[in-house]
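Undergrad: Produce the complete structure using the sequences and hints provided.
If you want the building blocks of each chain, they are given just below.
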Amino acid sequence: MGAVVFVEVLDRRGRVAQRHAVEALPATVGRAYDNTIILDDLYASAIHVRLEADGNGGIVALDAGSENGLFEVGRPGRRARVAVTAGTRLRAGETVLRIALPGQAVPPALPEPLAGRLLGRVLRSPAGAVGLAVAAGISQGLSSWLGAYEQVEVARAVSDGIAVIALLAVWAGGWALATRVLTQRTLFLAHLGLVSLVAVAADVVWSLGGYVEYIVPSLAEALIGDVVAVLATLAFIAMLLAGHLALTSSLSPARRLAWALSLSASLMGIVGFVSYAEDGDDEVGNAAFGGAIKPLGTAVVASELDPFVLRLEDLRVAVDTVAARPR
Amino acid sequence: MQVRVLPRALMARTAALLAALLAAAPAARAQDQEPRGATPEVFRRFAARVVKLEVSETGSGAKATLGSGFYVTPAGHLITNYHVVAKLVHDPDRYSVELVDQAGDRRPVRVVAVDVVHDLAVVASDRASAAWFRLHDVAVEQGARLFALGHPHDLGLSIVEGTYNGLLRHTLYPRIHFTGSLNPGMSGGPTITGAGDVVGINVATAGNQVSFLVPAEQAAALLARATAQTPPPVSLAEIGRQIRAYQDTYVGRLFADSVPTVTLGPWRLPTRPAPFFNCWADADRDDETPYELVDHDCSTDDLLFVSPEHSTGIARFDHRLMTSDRLNAFQFAELYSDEFQRQQWVSDAGEEDVTPFKCERDNVRVGAITFKTEFCLRGYRRFPGLYDAVLRAAPLGRARAGVVTTLALAGVSYENAEALVRRYLGSITWAP
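Going line by line, the protein sequences match chains B and V. Once you know that position 308 of the first sequence is 308 in this note's numbering, the rest is easy, because the numbers rise by one and skip nothing. Once you know that position 202 of the second sequence is 529 in this note's numbering, the rest is easy, because the numbers rise by one and skip nothing.
Keep in mind that the hints were calculated from the coordinates and are not lab data. Quick reminder that beta carbons are idealized off the backbone N, C-alpha and C, glycines included. Where hints are given, some of them may not hold.
[What the hints assert, rightly or not] Here are the computed lysine to aspartate or glutamate pairs in the EDC-like style, where the Cα-Cα straight-line distance is at most 16 Å: (1) V:Lys685 x V:Glu745; (2) V:Lys685 x B:Asp160; (3) V:Lys685 x B:Asp320.
[To be verified] To give an idea of the chain V side of the interface with chain B (calculated C-beta under 7 Å), a few residues: (4) Ala601; (5) Phe657; (6) Glu701; (7) Arg708.
TA: Printed below as a string of structure tokens:
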């Protein structure tokens, strides 16, 4: 091409809006239509900047008698003369100009999100993604079948599994649509693989939680158990959203995580608020019991009767405190 | 008519109290008239001793409760039911009670003493009474003709003939079985022999001429306490004390001695620990359902009325056995879980009366059995030291058999609840 210097007009967010290859110096920049680079800025003069070779192989930018002056971004004060190199940013009127030189170093390409790692490879391979979706379906079907005691029907479990796959596909489809709009790719299978993976992982973690609660109920006790459950849910939803965002947009990992966490927290906040509002009515009434039973028989951590009964005293103290409070 | 929601096992003995809470209208029943002439004479002789009691809201003057009462001393003391005047005891500033005598004269009365356990109260007007019933021991035979007096549905002082059918054998709170049609509004009125001896005080009916009386001797005892040098106070604290004292006697010894057991699956569980418990069994075997259920329920049947919103004083326990040879271990565990998590009704009470339940859950080893256990407790706001307690336990260790057992106690002290938890769990064993 033979350009001597590139002048890039940057937009408000610092991205390149226009790139001009200047083939010969001197070159001029301004609003008039006989400039080398024509600006569209009300605050730029007819001829605002002149770019010249400085005689030592470098390039210099000179204020060409502008109304509002020439500035170097990052340094105070109007300048008559700025020695420019690759990366120098100048301001003329309200326009920011960045100088680039042919042959200047550019950073290497960013890897595609999730590209290199095992996870990424699995998600991006059609077989991997479909495999994960099928795994999610099987996981749901298995849960359905193992949890059904009124009527033992394999058919119902199978249809539950298929229903879950369909649901995951719809969710992935929504994200694929967003990806298509924002980039030129759809990545449907990658989205499907991602949500299936998170679904299976959540299933596994939840089951494990249930078994832990069965084996050591006092460990999984009231408040601590609830806090962990809330944090785990938050983490899962955030991971899911971060993954989808990675495939969809070019946000930096930090910003993706920030978005994912805030969306996840808001969602949980809304759900929590709604269920709290509904629950308010049923305060006094029947005694409600929690605690699941798992097919592990007596492979549990059990207290002896005396220590258990001693703990009931604390319950009584708590109840007395509530009873003594005026309504 | 006051209707309380009672658990399944009690439906056979549902008894509604006889205080009319609203002036509603069903007509009085026709009586079989025997041409004996005794009834009109009984009415003539004794009607003047029976009054109507009206509890009204002091502000609006609206009638809140209607009941009956009768004179028992020359000084103007009357006997009635506690549940007739309960509103006054709970909210003395908001309610007042008046008697209306046969002549139609109205006089204010005050509550002098209450006996919550037997559902009795002594009230007094400050005017001497012209005629009264003297309370004393009466010998009555099964089948004797009795006459109940009172004000059914505010229709005027009425007399109802009926039959004495004995003292109920197996109840927590002593009751006489009276065969006759008692109706709301007759609460607190006397049921007498033809000679004018008070046998009992009208308290409740289950409909179909099955009615209940409080034995007169309880009223005599209360009257003696009320007219003593220092009568007990009429206050919520006194009511709390009475309930606590009474539950000490009946709950205190439950399960302490050896208790009859019932074999359900591989376990032996307690049944009928005292004569005042009634037990019922039920089995659910249906070819379509892949598991079988056997239920065994025991309960004391009578609720103790504390206030219109709050009934207590009941003890009950039930065992639900589940077995299956068609479900696999996971499916059975799911069934067992869901049954363990089933909610439990304990007593009728509102937010004003009790705190919400607080629970503690753990695996507990008692002897050779490890139980999944959960214990829930709630306190009575107006009666410190009284609680509703529920224990739920499920023994572990069989892949496809399980029994969920629940012990529910209403209106007990914490010490008794704790003692019962220990004894109850200790009484469950493996069947040999």
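Undergrad: For each hint, tell me whether it holds in the structure or not.
TA: Results of checking the hints against the structure:
no. : hint                : result
1   : V:Lys685 x V:Glu745 : holds, 15 Å
2   : V:Lys685 x B:Asp160 : violated, 36 Å
3   : V:Lys685 x B:Asp320 : holds, 11 Å
4   : Ala601              : violated, 23 Å
5   : Phe657              : holds, 4 Å
6   : Glu701              : holds, 5 Å
7   : Arg708              : holds, 5 Å
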